[in-house]
Amino acid sequence: MLAVTGAGSVEELFAQIPDELRAKSFDLPAGMSEFELMGIMKEKAAAGGADITPFIGGGLYDHIIPAAVDHLAGRAEFYTAYTPYQPECSQGTLQALYEYQTAICRLTGMEASNASLYDGGTAVAEGALMSLRITGRTRVVLDASVNPLHREIVRGYLASLSAEVSQVAPDGCGSDLARLIGSIDGNTAAVIVQNPNFFGSVEDFSLLAAKAHELGALLIVSCYPIALGLVASPGEMGADIAVGDGQSLGNPLSFGGPYFGFIAARKRFIRNLPGRIVGETADKQGRRGYVLTLQAREQHIKRHKATSNICSNQSLCALRGLIFSAALGKKGFHELALLNYDKAQYARSVLSGIEGVSVLNAGATFNEFTLSLPREGALVVEKLLGSGVAAGVPLGEYYPGMEHAIVVTVTEKRSKAAIDRLAALLEEALCS
Amino acid sequence: MQLIYEKSAAGRTGVRVPLSDVPQAPAFPEALRRKEEVAFPEVSELDLVRHYTNLSRRNFSVDTNFYPLGSCTMKYNAKVMENAGGLFADCHPVLALLPGGERLVQGPLSLIHGLEQQLAEITGMDEVTTQPLAGAHGEMTGIMVIAAYHKARGEGERKIVIVPDSSHGTNPASAAMAGYEIVTIPTAPYGDMDLELYRAAMNGRVAAVMMTCPNTLGLFNPHIAEICAIAHDAGALTYYDGANLNAVMGKVRPGDVGFDVIHVNLHKTFGTPHGGGGPGSGPVGVKKGLIPYLPTPRVVRKEDGSFSVEAHPEGIGRVSDFFGNFAIMARAYAYITLLGREGLIEVSEQAVLNANYMMARLKGEYELPFDTTCMHECVFSASRQLKEGVHAIDIAKYLIDRGFHPPTVYFPLNVKEAIMIEPTETESKQSMDAFIEVMLEAARMARSNPAVLHEAPISTPVGRLDETRAARAQQVCCEG
Numbered sequence: 001m002l003a004v005t006g007a008g009s010v011e012e013l014f015a016q017i018p019d020e021l022r023a024k025s026f027d028l029p030a031g032m033s034e035f036e037l038m039g040i041m042k043e044k045a046a047a048g049g050a051d052i053t054p055f056i057g058g059g060l061y062d063h064i065i066p067a068a069v070d071h072l073a074g075r076a077e078f079y080t081a082y083t084p085y086q087p088e089c090s091q092g093t094l095q096a097l098y099e100y101q102t103a104i105c106r107l108t109g110m111e112a113s114n115a116s117l118y119d120g121g122t123a124v125a126e127g128a129l130m131s132l133r134i135t136g137r138t139r140v141v142l143d144a145s146v147n148p149l150h151r152e153i154v155r156g157y158l159a160s161l162s163a164e165v166s167q168v169a170p171d172g173c174g175s176d177l178a179r180l181i182g183s184i185d186g187n188t189a190a191v192i193v194q195n196p197n198f199f200g201s202v203e204d205f206s207l208l209a210a211k212a213h214e215l216g217a218l219l220i221v222s223c224y225p226i227a228l229g230l231v232a233s234p235g236e237m238g239a240d241i242a243v244g245d246g247q248s249l250g251n252p253l254s255f256g257g258p259y260f261g262f263i264a265a266r267k268r269f270i271r272n273l274p275g276r277i278v279g280e281t282a283d284k285q286g287r288r289g290y291v292l293t294l295q296a297r298e299q300h301i302k303r304h305k306a307t308s309n310i311c312s313n314q315s316l317c318a319l320r321g322l323i324f325s326a327a328l329g330k331k332g333f334h335e336l337a338l339l340n341y342d343k344a345q346y347a348r349s350v351l352s353g354i355e356g357v358s359v360l361n362a363g364a365t366f367n368e369f370t371l372s373l374p375r376e377g378a379l380v381v382e383k384l385l386g387s388g389v390a391a392g393v394p395l396g397e398y399y400p401g402m403e404h405a406i407v408v409t410v411t412e413k414r415s416k417a418a419i420d421r422l423a424a425l426l427e428e429a430l431c432s
Numbered sequence: 001m002q003l004i005y006e007k008s009a010a011g012r013t014g015v016r017v018p019l020s021d022v023p024q025a026p027a028f029p030e031a032l033r034r035k036e037e038v039a040f041p042e043v044s045e046l047d048l049v050r051h052y053t054n055l056s057r058r059n060f061s062v063d064t065n066f067y068p069l070g071s072c073t074m075k076y077n078a079k080v081m082e083n084a085g086g087l088f089a090d091c092h093p094v095l096a097l098l099p100g101g102e103r104l105v106q107g108p109l110s111l112i113h114g115l116e117q118q119l120a121e122i123t124g125m126d127e128v129t130t131q132p133l134a135g136a137h138g139e140m141t142g143i144m145v146i147a148a149y150h151k152a153r154g155e156g157e158r159k160i161v162i163v164p165d166s167s168h169g170t171n172p173a174s175a176a177m178a179g180y181e182i183v184t185i186p187t188a189p190y191g192d193m194d195l196e197l198y199r200a201a202m203n204g205r206v207a208a209v210m211m212t213c214p215n216t217l218g219l220f221n222p223h224i225a226e227i228c229a230i231a232h233d234a235g236a237l238t239y240y241d242g243a244n245l246n247a248v249m250g251k252v253r254p255g256d257v258g259f260d261v262i263h264v265n266l267h268k269t270f271g272t273p274h275g276g277g278g279p280g281s282g283p284v285g286v287k288k289g290l291i292p293y294l295p296t297p298r299v300v301r302k303e304d305g306s307f308s309v310e311a312h313p314e315g316i317g318r319v320s321d322f323f324g325n326f327a328i329m330a331r332a333y334a335y336i337t338l339l340g341r342e343g344l345i346e347v348s349e350q351a352v353l354n355a356n357y358m359m360a361r362l363k364g365e366y367e368l369p370f371d372t373t374c375m376h377e378c379v380f381s382a383s384r385q386l387k388e389g390v391h392a393i394d395i396a397k398y399l400i401d402r403g404f405h406p407p408t409v410y411f412p413l414n415v416k417e418a419i420m421i422e423p424t425e426t427e428s429k430q431s432m433d434a435f436i437e438v439m440l441e442a443a444r445m446a447r448s449n450p451a452v453l454h455e456a457p458i459s460t461p462v463g464r465l466d467e468t469r470a471a472r473a474q475q476v477c478c479e480g
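Those protein sequences? They're chains A and B, same order as listed.
362 is the number that the numbering used here gives to position 362 of the first sequence; each next residue is one higher, with no gaps.
369 is the number that the numbering used here gives to position 369 of the second sequence; each next residue is one higher, with no gaps.
Please note: incorrect hints may appear among the correct ones.
The list that follows gives simulated cross-link-like pairs (lysine-lysine, PhoX-like), each with its CA atoms no further than 25 Å apart [what the hints assert, rightly or not]:
hint : chain 1 : residue 1 : chain 2 : residue 2
1    : B       : Lys251    : A       : Lys24
2    : A       : Lys42     : B       : Lys79
3    : A       : Lys331    : A       : Lys413
4    : B       : Lys287    : B       : Lys151
Hints listed in this document are in silico derivations from the structure and should not be mistaken for laboratory results.
Produce the complete structure using the sequences and hints provided.
Shown next, in the form of structure tokens:
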């Protein structure tokens, strides 16, 4: 091979790089076999907290994952392919993404979904940017009961563009609807809410949607897919854009990723969606097929005028979400949501029966709720971690004044026995 | 092939939901309830498995086909990395944010810190953040860090980012998302950003210049140090797009050359497959002066050797929910550990040798706009074939019929009818020779029987698809 290139040595092929530009250091250990490597990796994974029983959510949830999800998404034809630039030899990925877009539209009650975004937080931010493009306005109203990590991301994305983010404090554990409505002015592109919100409260945003529309603003609802098996969809509430994190649909926790973000909107906003979109078409013989479409929105065509810079997305995670949705199906998905609701309601009643403990959510909750404790939440959570239970997310760090509150999450994977143990440990911690 | 929704039969389910062991709760309030169940498909597990197994067979992939997609580094990744990434499935990232939770997640935290250190050494930077979730996300993060740096120095009036016209589209798009105006510099006849036009464009309003090196023509820019110096003299910073880092590991470190900020694509260079379009991972490295502006939080190694998660108050805030695409990072950490110093150097050497072999074998038949030693990829033009009425896309489609994923076509934009071939280091001479034979055959066919090229592909489930029709119809989900 070397002779064909005309070079005398491999080093000669690098002769184009002047000496003064050569690496000054490359100090890495020698390599090893895969068996030695797995020893190291297993050691790290063993110290990963997987043995802790999680009653924590915070936007990520410990749900069942059907075995078929791993097996099918684990097919190398899916995971070692890339973005389907050549549709004829990528119909597998393209059709799967088209089916994924369909699943997201059906889940959220929207009409147009893209082929995935990075994660929940960046999806909220992309939704906000989308509303700025659609309305030509430069301000969003952000409900502070939206996930605090997501709000940080929105703030960062919008600050870069000198757009204003006006946050509205919650009313207890719910959205302050009157203040949200009152905050919409003539320059407001969108109101952004989350359902269920960070405290676990489920709310109806129909009125907010109507008021926003009267003032020429959009409603963006960030949502939790599993909850949508039971809770009214953003579409049913009149939202214009639905966003969220798809992790709960068949993606393992994996210490923070990869997951996928989703974004879906009313059909009239399709040209303002960020990222890749798959559309149906046909070949000359009329055979149905799928292609990346409306690419004139995207960075590889529009460069700095693109709707977003996103290129690689989270396709494989979206595929997992799709397979999860089909494995459970219409009936199973609804049952799963109900099971989460029942388990959380049980936990809610047991935990609030402990002396000095009360539920702060005024109305309905899905599988998360906020508890008020007689002691500082952070201390209690730390104490219970010692017994192998992550009792909840303390709110003090995110909501000053709520130092005594924690958000407890109960998915279908938590048994009655685990819930009872949490109650016993909590009671003990509060007595001592 | 039917859609999964078209295979749906009412009442059928694939997977059973666990039985409840708690009392049934009072009904969820009617006013907040969704009116109809979500119309997910109703299929058996076998229907499901057959559907997605058969769909997967409609893909070309690295594990099934040579996939020389230029600029994307479609290398083969050893299966052990998949196993390594899967080990952390049940680790909850929120644990790390709980009081007293850090000590329970020392394994993953040490991996993040270790990967940051590996990448810092490979690229010659002082610190790295793993938070960005893809290459473009890394670019945006890097430019936000640069913006914060200038702002802190009272130089917020710098509003311009310079990019060469050969850059990936994500460069200008990412800088625009970070709030910048874009100035594009054309390519000079010698194949790199025109140095004189660049010099003329550089002034006190420029925040940064973004360079891809080797560039998208697969050429190493010998003026790279000068480009950095010109920027620094004007108070601007330099950004290195690491998309092509696979060519120079152990040979060149962007940090040594004068770059202030870099991103690397773990899914290109470091052992993580592309997932049909993602997930990727785009860690960002910076030089010392920029460390304060990295995103929050940081994983810090304490004096006692343990790891903690610390807020980074001066930074640009959070760019993703947690610490990045962790399971992808775990694969990259495994890859670097597995290959080690010599292994990584060999990766780049073999990648460059393969590309030069490919270039030498094809340049007799295909126009090579820049006929010089290339790095990890080579860019041809189908201009000779165009005289016979054959476009780059026709050659691409013919390759599909012959079992090869086509190279990247029509990029970079500064080469007409571009065919960008990146064989990567993992391909054998035999697999490259087979590809080369078909490329040469396509060139002969362009002269003798161009219709075959125009009609390709004929072996795939569908022929060339009507993109205009798709854009007009905007049918992006299945009704019903």
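For each hint, the structure was consulted:
Between lysine 251 of chain B and lysine 24 of chain A the CA atoms are separated by roughly 9 Å; this keeps the pair inside 25 Å, and the hint holds. As the CA atoms of lysine 42 of chain A and lysine 79 of chain B are separated by approximately 16 Å, the hinted pair is consistent with the 25 Å bound. Between lysine 331 of chain A and lysine 413 of chain A the alpha-carbon distance is near 18 Å, which keeps this suggested pair within the 25 Å criterion. The straight-line distance between the Cα atoms of lysine 287 of chain B and lysine 151 of chain B is roughly 17 Å, inside the 25 Å bound, and the hint therefore holds.
In terms of the numbered hints stated before, the structure departs from none.
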